[in-house]
Amino acid sequence: MPPKTRKTKKEDVEEEEAVEEILEETKPAKLPESDESYDRKIVVAKTGTLPNSRIIKLRHPKEGCALFRLSDTCFDEIIAVNDGHRSFFHGESVIENGTIHLFSPFNPVFICLPYLQKTSQKFVEIEEILVDEQQQFEAIKELAGNEKILKALEQVADVKDLLDVKLFRLNEQKMLEWMKTKFEALKQELQKDAHKSLLDCPEALDRHVFSFFSDFLSPELALQVKSHLNIQDPVATENVDMSMKRKSEFDKEFEMEKPAVKKPKESIQAKKLQVAAKGTKSISAFFGKKN
Amino acid sequence: MSLKCETERSKTWKDFGDGVPCVLGIDEAGRGPVLGPMVYAAAISPLDQNDELKALGVDDSKALNEAKREEIFEKMNNDEEIQQLVAYALRALSPELISSSMLKRQKYSLNEVSHDAAIALIRDALNCNVNVVEIKVDTVGPKATYQAKLEKLFPGISICVTEKADSLFPIVSAASIAAKVTRDHRLKHWEFKEKNVKVPDAGFGSGYPGDPNTKKFLQLSVNPVFGFCSLVRSSWKTASTIVEKRCVPGYWEDDEEEGKPQNKKMSGWLQPKNAEEKVPKRNVYFKERSMRNVVSL
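These protein sequences, in sequence, are chains A and B.
Counting from 1, position 82 in the first sequence corresponds to residue 82 in our numbering; the numbering is continuous, with no gaps.
Counting from 1, position 131 in the second sequence corresponds to residue 131 in our numbering; the numbering is continuous, with no gaps.
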């Protein structure tokens, strides 16, 4: 709290004493009981798709695990959006947790690829491919019963029909070509919001897009795809190891020629602006990528 | 009242005495209390009528009691002769205005608030064609700085900033009376804009932090979620202490920046300890938008 000046010291003392008494006398207020029936979760999903959906836990292609939504028509990853200080007003009350759960469309082929890679040497029934040794990830088998997903897998795998039973085998070439089309589609989208400096440099743009794309691939697969797409690493400026180098006469001369960097004296105005701006976002935050 | 502050003028303030040379005195009322407005008043009177002004009984406002002050103020408002002798203008700063001024990001102290009120009153007099030749002001903060500030803003006018100005100069005493009576009246007849404010049977007292009735009112009326009603200067330590102890704990984005200890309860963010239950670390695109995967709903 900003310091206040008083007309008289007497008033100061009077307030100090009052505050002391208050500290002793005042107790926290009794809060109303929470109504459990009010608990809600906020979900954003494609209209009309919620019925007959299953929420399942699967291995995330990148690492770890995550929740996904599976239905006859939809496959989404569930993304929680919350910057930490959000609640909702609902009716005459408040829902404390302001998290929004986005059901974000996610291509199930990415989920299946690691499993296809495991059995890539032979043609196998889908029920034997989409199976996980760990019980917590057993839900992967539910994808095997989904017609839409099986159709999608044909983009990256060869299919053999044997006595009404479908067998799949990963086709590396097909997969890499498929990756390329996905990558290009992603690039089209990200370009819309990209910073000018990225649009000016194709290699940098590719790196930027690939960085996003890697979220859908295991680290090993990412390396393979990176190579196939020919993503270039950034060109490093001359990395001379100065620690081992003994200073030559030339270096010393060069050092002396460098003018001492003077920090410009900040005007009082500039300092005042800095103080006033404390805690506010930089203006570029308002011109950032669209959500 | 709220966050706006308007200048209120007595009947004869504008074009006072058709430009007769005047002395202008400024005083305030209600600086220390935690309740109600702070009122700034300026009084003007012709230079050559100092004796008549004294005769009004404005001599020493501290010696005056409430009844006497009200009597004099009543004359200032209704007696035509007196209105030719003295006029006044007021600026009443609401509790909300006081609190919000002091809680701004850029420091705006109560002293600066006071100075600005005084300056506004002087400007108003000049704009209303009052021929101000002398100004007498009670000290607020360092005397020399205040005097220099006023002299710079109003060159050509003889300015005197001093302690106990209300005892030294009748015109300041007159201003003091206008300020005090107005403040007392507005506090006494306060109309709560909020519904159902709990007031103790004995009322909310004088408004001073040491007044037991005032303290009782503060503790009784505070709402655990919304804090105090607009009668209260919430920037006062007396008030903020009650909020800290009694109200629902609050967390502000500012506290993070100012390094204050936080007790954030981010419900829904608990990461299970089982390593295999971890969500993937996502690309910066997602982090920027506060988006993450979940393992439970």
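Derived from the structure by calculation, the hints contain no laboratory data.
Note that the Cβ used here is the ideal one computed from N, Cα and C, for glycine as well.
Careful: at least some of the hints might be erroneous.
Said to hold, decoys possible - Cut-off 20 Å, straight-line C-alpha distance, at most; resulting in silico cross-link-like pairs (EDC-like, lysine to aspartate or glutamate):
hint	chain 1	residue 1	chain 2	residue 2
1	B	K237	A	E203
2	A	K226	A	E203
3	A	K192	B	E6
4	B	K287	A	D12
Claimed, not checked - Chain B regions said to be covered by chain A (calculated; three or more residues, Cβ under 8 Å):
hint	stretch
5	11-19
6	156-166
7	180-192
8	279-287
Under the constraints set out in the numbered hints, which ones does this structure not fulfil? 1, 3, 4, 5, 6, 7
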